[in-house]
Structure formats: structure tokens, C-alpha cells
Amino acid sequence: MDIYLKKVSVTYMKNTPFEKKALDNINLHIPKGTITGIIGHTGSGKSTLIQLIAGLIHPSTGTVKIGEMDWKNKKALAELRKQVGIVFQYPEHQLFEETVEKDIAFGPSNYGFTEVERLEAVKEAMELVKLPYEKFAHRSPFELSGGQKRRVAIAGVIAFRPKILILDEPSAGLDPIGKKDIFKMITELHQKQNMTTIIVSHSMDEVANFADNLIVLNQGKVLLEGTPQKVFNRVDLLQENNLDIPEITKLIKLLNQKITPPIPLSCFSIDELEYYLSIRLKEKK
Amino acid sequence: MNPIIELRNVSYQYPGMEQEVLKNISIYLEENQFITILGPNGSGKSTLAKLLNGLLLPTEGVVIVDQIDTNSDEEQVWTIRSQVGIVFQNPDNQIVANTVEDDVAFGLENKGIEPEVIRERVDKALDKVGLGFAKLYEPHYLSGGQKQKVAIAGIIAMKPKVIILDEATSMLDPKGKKEVLQTVKNLSSIEKITILHITHDLHEAILADRVIVLDKGKILLDGSPKKVFKERLLLKHIGLDVPLATELAYRLKENGVPIKEDIVSIEEFVQELWTYI
Chain A
1 MDIYLKKVSV TYMKNTPFEK KALDNINLHI PKGTITGIIG HTGSGKSTLI
51 QLIAGLIHPS TGTVKIGEMD WKNKKALAEL RKQVGIVFQY PEHQLFEETV
101 EKDIAFGPSN YGFTEVERLE AVKEAMELVK LPYEKFAHRS PFELSGGQKR
151 RVAIAGVIAF RPKILILDEP SAGLDPIGKK DIFKMITELH QKQNMTTIIV
201 SHSMDEVANF ADNLIVLNQG KVLLEGTPQK VFNRVDLLQE NNLDIPEITK
251 LIKLLNQKIT PPIPLSCFSI DELEYYLSIR LKEKK
Chain B
286 MNPIIELRNV SYQYPGMEQE VLKNISIYLE ENQFITILGP NGSGKSTLAK
336 LLNGLLLPTE GVVIVDQIDT NSDEEQVWTI RSQVGIVFQN PDNQIVANTV
386 EDDVAFGLEN KGIEPEVIRE RVDKALDKVG LGFAKLYEPH YLSGGQKQKV
436 AIAGIIAMKP KVIILDEATS MLDPKGKKEV LQTVKNLSSI EKITILHITH
486 DLHEAILADR VIVLDKGKIL LDGSPKKVFK ERLLLKHIGL DVPLATELAY
536 RLKENGVPIK EDIVSIEEFV QELWTYI
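Residue numbers (this note's numbering), protein chains in the order written: chain A, 1 to 285; chain B, 286 to 562.
Simulated from the structure, these hints should not be mistaken for laboratory data.
Take every hint as true, because none was put in to throw you off.
Okay, the calculated bits of chain B under chain A, using three or more residues with CB under 8 Å as the criterion:
id, stretch
1, 320 to 329
2, 455 to 464
3, 476 to 488
Beta carbons: idealized from backbone N, C-alpha and C, even for Gly.
Isolated chain B (complex conformation) (with noise of 0.2 Å):
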């Protein structure tokens, strides 16, 4: 597989702080994989996710997105903005337009892209995201969910390879949440994009193809759902948890039930464990 996006030996730090963001990080994400970057607060994880589209640029290591470094000149940074979309943690500060299909269309306009290739990738964008019958609608009135869907539909129509999620669901509520991850779930598999969802929710870490946990600007663990959270002790130490599957499992082995170790969702602890009982 290819590598969509590659960090060597990157380290950040913000001008005027003494302390260093993120400090030394290299990883490869394969396209097509849906990616969840799980850290506590103040780990470094809106800081990666700004570094992968050029917000940001890394003081020390390259950041390679599409074979593009993201420390070449403003030209190919815009071809890369276009590739890695960012939806932000609150859906109140990213709505533009007075209609939805006006909000969807801005990136393609500020791109100079011809009125009816606009007209065609609104409406495919929107259908994507099931929010087709909501063209003319003010974004004003949609719920939390449906705003960042309307987020998610602006990146779509630019056809990027990367939509990353920083804490996207976050200010939502449960419906709403469901919504947004449904939605990018079936982009993922569908339309093979790639999704780096940022998150502190482990529910919503089980979903993913790979879990990278940061701390404190470090990566601390990387691998898959069941493999991240084998390691119950490390992650409760920088302030995460487990999923509850996981913690009942690990209790319970404790106490001598031969129950297996690396069980993340309630189905399968179910499926584990009622024969025993």
C-alpha cells in the first residue's frame, strides 16, 4: 500500500512556548483505512491534524501528503488543502453561506471552478451525506449533525483523498453523532477515502481499522482496536479508559473465567461470555 500521508521525524512547537507540541513523530496511514487518533487533552492531537493539510508546518522533520511536501511552494500547499479536508469540533463556526448548497460550493468557487462542474458536485456531495433535500435550506436551522454534515459535503465536493475529523463529533449529541460517523463510515467504503477521525470517545475508537494513541506529544501505542486496548493500564494512566467490554473481560479473567483477552465490543463480550454463565 501506499503511503497517503508521511510524517518523518516530525516535531512541532508553537512560536513563544517553551515546550514542544508533538516531538519526533513518524508514521505511515495507508489510503483507504479508517484511522482513529485517540490522546487526552493537551496529547498534541489537533496540532497533528492542522500539520497534515499545511495549517501548520512542522519546525523540525517533512509532513508528505500525496507525495507533496507540505513545506513546498503556495501552489502545491493549495493542491494538498484540496486533498485534506478538516471538519472542526464546532459545527456554529464553519457554516459560511446563507444556503446550504452556497456553503457546500464555497471551496469550489474560491477554486474558479466552472458554475455547472459546481452545480453537478453540490448535488452529488449533498446526496453523499444524505442531506440532498436540504439544498436551500438555511444552515442556521439544521441540527448539530446536519451542520457538520454540510462540513463534510464542502470537503467531498473538492474530492480529496483525507477527510480528517477533529473532534468533529464531539459537541454533537448521541443522534447526532451516529449520524456524522454513519456518514463518514460509508465514505470510507464507498468512495475509498481516507478518514482520520480525532476523538476521546473509545466507543467511537472501536469503529477503526487503526488506532495511534498520543501523549504528551508522543505516539504511545498503534495498532488495531484490539491490540490498543489490551493495554488497559497504560491507557488509564494518561487519562483514556477502556471500552466497557474490555474492562468487564479483563475483570473477570482476573477472577479466573477463561474469557478471552482482547474483546473491545459488548457483542462479543455477549457472544463470549454466556455460555459460562
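For reference, chain A alone in the conformation it holds in the complex (with noise of 0.2 Å):
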């Protein structure tokens, strides 16, 4: 589903000596199959952005459209919430339930599936975050891995298949491997459930790799938009706003001072940098 957002603006506790605009006058196209990276420093708006594309809270000004759907018509409400599902922060300090299979099956529960189409989600859910079903299904959800718990999270949100997946620093607090995987994860789930899929990252590497569309906040507004070659291409405005850059965007920036011609600074992989270097390489022996 196409994400619409039409001249919206946010404005937390209005006529207070707090009020604060925490989204101003945003226009955003979030097209349908796409993963989009959500990036920019706290209080930039990227929480209230997702909320808004969720439907947790409904904009000052504007318009939020999902697909053809408004978030403001109300028969329409349980409708999207099915559709839009919303991986949180640190989403393991919300599993609630003995087991792994009672809290994946939650979701799906509130969502009236029948007994044996819960179970068919809840094992399609655990299947797809690789979380074998016989292994951990009974398992309490308590004495997993900081990693492992993380997945049965985002198990119970794809449990009753929204279209449109939110995650909110889907790898944070993870060590590297752990974050290398749950990225890995997140693609595969997107290509094989078809999904729209926004990440919100503070990881300028993982964006870069992962994302086709990227969002930069910057004080309630959109800085750039645009692919990662794009965005990343303008290094200059990125840091001017305290923004950082992915660490291998720094090093070919760096490397690009000495050599000519320089490195294209569309190059986010490790592998394909390391090809251009062997290439250049040769050519100078």
C-alpha cells in the first residue's frame, strides 16, 4: 500500500509555554514494495512520523492517507490497524505471555482468526523470523536470548500479515552479528511477504545497504529524500546538520582527496568497494 502524507504538521501541547511542532508542513510518497530508511537525530520527528503513518496519533494540519484509506474515517479504523503493524523500540520488554506461541499469537487473537488459522499464523510468523516452531514454541519467551526475544516480537506483529511494517531501531542494543542478522531478516521478510517496509535507524551502514528510499529529518522537516546514492551523495549538508554518514561513505570520502578518479560515493558494500580497490590495483601495475 502507497503511503500519503499531505502538508502535514504535528503539534505537541498547543497554546502551552511547551508546545512544540514536531512535524511542519510534510509532504512524503512512500511507494508500495519498498523498504524506507527513516533517519535523523532525536527530536528530529521520526517518531512522531512513524506514529502518524501508524495511526497511533492523527496529524494537527493535513492529510495521512494509506492507500486510498484516511486515518480520520472511522469505519475505515479496524480495517488499517490490520494493515499497518508497528515493530517498537526495544519491542522485547513487551512480551507479556508463558510462551513463545500465546504472545506471537496475540495479535492475530484480537483479529478474530479462528483457532486453526492462528495456529497456521503464529507458525508461518515463526518460520519467517527463523524461530523453528517444535523448538521454541512452548518455550518461555523469558529465557531467550536478548536477540531471540526480539524475534518473537516481530513474529507477533507479522502474525496477522499487515501490508505496511514499522520498525523502530529494529537492531539496537544488538552486537554486530546480531545486527548484521536481524537485517538480513527484515529484507527476506519484505521481499517474501510483499510488504511496504520503514525502518527507522540511527545506522547509517545498515540504511545504506538495506533501504531503497531514504528519509532524512531534520526539526520537524524533510531535509532529503531520495535513494541512499542520493542522500549520502550530499555529505556536506549531512554534517552540517550533525548528521553522520555511513563509515565506509567517510572512508572513500577521505580516500577520493588523494585519488583520481575518485571512488563513486554511491558505494555502501564492503565487497563492492573492495572490487573497485582491486581493480585500481591492477591497472596501476
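Hints given; two lone chains; assemble the complex.
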């Protein structure tokens, strides 16, 4: 489902001394089937943006549309809730059931899945997050490792098969391999389920590699928007606004000060950079 | 050099758990160093931090902080607590007061220190972390990085010898991370405070004088960042990784480029490589 925001502003605590404009006249189109990364530092409006898309808050002015449906249309509300799943930051803190299976089944049960459908949904979700049903279904979620708990929490959201999946900092607090694994899993999930995926992340290296498009927020406005290539080409603008760039982009930028022709800043994977460098090295010989 | 902290054959097992979280660990930590502890999730890093100021007591072995055993009488433990401060992961869980200055004064007030002395120490501590302007702010309105700096100021006010950051940067955005790291680097070089930084972040680990890698409750590697990151396969095997520059240098060397092996920073990598291309 496509997502459209038209002239959207959100003001918190309006008409009080604490009034704060979290989003300021935003226009966005997030095409269906894509992975979109949202970046920007704390207070830039990222959380407000995903809460709007998930229908948890309404804009002060402007409209948010999911496909043809508007969150403000009360009749569409129940249907929309099923279409948009949101995985919050540190979602494992929200696990509460005695077993992994019961925890994942909570969403589908609320959405009126029959017992048979529910079991099928739980099995499918567990397979997608790579926690085999036979091994994990009857264990307590609290006995699992940090990374596994997070997978259970994600499974609980994808179990009701949303068309749009929003993840807030899905890799926060995980170790380097845990981070890689979770992003790999999300990409596979995205492809298999044919969803629209939105990821909020502070990790520039990850979003550069996995996202089709990026939205950079700064002080409630869209600072940049486009493919990772396009966005991270604006290194100076990003750094001016205290935003980070991928480590690999820093390296290429530094190297390009010393070599000609430069290596393209659109290179985000280490394999690709290795390839470029080895070609240069061969030419030199 | 005197060890500021010494662990002798320390093991720790949480009550009711079958496995030991730390298994027979011995470490000397020298004064005034910037030390990073790296380890995958579940390696025992946070347990180690809690042993260092007596929040936990070892099930076997001894922990000695500035010549005091953490397992001594209560009064001694308080001395240790004021010398070893811990900044925890979640900035929102460690703020206790309604203004920044009250928050920083909290520990001093508990120790019954004279109000004039408290005033002076709070002001100095906030200046040192660059938050002198925010004394009367409500901590609630600060950014994550600033909240962590308030926590650090609360520790500095106690005149500690050691500050432990227990994944204190992991919930912060890149700007907040930088602010906090710069602050502790300054404290390490100017105030001569020993810093123990527990993290997953390889690029933060490069900043340290010494890196200790924990895995499954044991010390796997211990040395300078250059020495530790040479062990590329071992680190990957336990769920960690090496910095980008180290990985690239390794791959190029495998392809016959005569590049140095112990590169950890991108600046070094570029300096080494550009003459070849």
C-alpha cells in the first residue's frame, strides 16, 4: 500500500508554554513494496512520523492516507489497524505471555482469527523470523536470548500479516552479528511477504545497504529524500546538520581527496569497495 | 603503575542459575587508562561492571578497588561506590530529581556533605561536562546525550577514580554518542579518571588504550586495539566483527597488496593505501 502525507504538521501541547512543532508541513509519498529508511537525530520528528503512519496519532493539520484510506475515517479504522504493524524500540520489553506461541498469537486472536488460522499464522510468523516452531513454541519468551526475544516480538506483529511493517530501531542494543542477522531477516521478510517496510535507524551503514529510499528528517522537516546514493552524496549538508554518514562513505571521501578518478560515493558495500580497489590496484601494476 | 582495580580469579553465578556468568577471571586495570570492554550479548560484560563497585559480590575470588576488597564491611563499600561510578544504558532510568543541578547533587547530599561544598562541586562537575548552562533545566527536556552527561556529572561530583559506561552510548543517536565519548575522553586525559567503556561498537573501541574482549564469561583477548583487531576470524566467530578499515586491509593483503596488517582507523587505511592506487 502506498503511503501519502500531504501538508502534515503535528504540534504537541498546543497553546501551552511547552508548545512544540514536531513535524512542520511535510509532504511525502512512500511507494508500496519498498524499504524506506528514516534517519535523523533524537527530536527530529522520526517517532512522530511513524506514529502518524501507524495511526496512533492524528496530524494537527494535513492528511495521512494509507492506500485509498484516511486514518481520520472512523469506518476504515478497524481495517487499517490490520494493515499496519508497528514494532517499537526494544519490543522485547513488551513480551508478556507464558509461551512464545501464546505471545505471537495475541495479535491474530484480537483480529478474530479462528483457532486453525491462528496456529497457521503463528507457525508461518515463527518460520519467517527463523525460530522453528517445534523448538521454540512452548518455551517461555523470557528464557530466550536478547536477539531471540526480539524475533518473537517481531513475529507477534507479522503474524496478523500487515501490508505495511514499521520498525523503530530494530537493531538497537544488539551485537554486530546480531545486527547483521536482524537486517538480513527483515530484508527476506520484506521480499517474501511483499510488504511496504519502514525502518527508523541511527545506523547509517545499515540503511545505506538495505533501504531503497531514505527520508532524512531535521527539526520536523524533510531535509533530504531519495535513494541512499542520492542522500549520502550530500555529505556536506548532512554533516552541517550534525548527521552521520556511513563509515564506508567517510572512507571513500577521504580516499577521493588523494586519488583520481574518484571512487563513486554510491558504493555502500564492502564487497563492492574491495572490487573497485582491486581494479585500481591491477591498473596501477 | 598501580592497579586501580584488580580481579583475582573471579567467578560469578546469579542465584538460581545453573551456569556461571563469569568464569575465573583475573584482570589488572591500571590508573588513568581508557579501557574498552567488548563482547557479544550475554558475554558477562554488565555483570563485570556491577562487580567493580560492589553492586554484586563475586561468588568466588576477590575484587579489589583502590586497595579495598569489595567484600568488606559496609562502610568500605560506600567508599568504593563513591570512587567507581556507573553510567547505565537507558538515560531515562537514572534521573532522580526535577532540575539538572539537584540531580547532580543527589549523591553528595546522601553523603551529608556541606551545602557550600555541594554547590561548588555541582557547578564544577556541570562545567566539566559542558552543561553549565543547564543547571536549572528539567532533565526531562534534555536530549539523550545530555541526560547521560548529567549522569556523568553526578559521578564526577563524587570525585571518583573510575567511571564505568555500561553500554551508556548504545541508546543514543550519533550526535549524542559523540558528545558523551568526547566528554569521557576529556575526563580521562584532563582529570586523569580511569574510564571503562562497555560497548558493542567497534568504532568506539578504537579510541581506547586497551581493549578486553569477553566471551562466555572468559577473557578471550586483551591488548591494544591494533593487537585485538588482528584476530579477525576469532572475533567474527563469537558474534563480533572488526572495523571496516581492518576488514578491507585484510582482504587487500589476501590479494597480494603489501599493506600493513594492524590497521584499525580509516585515516590510517587511506594513508597506507593511496600510494598504491
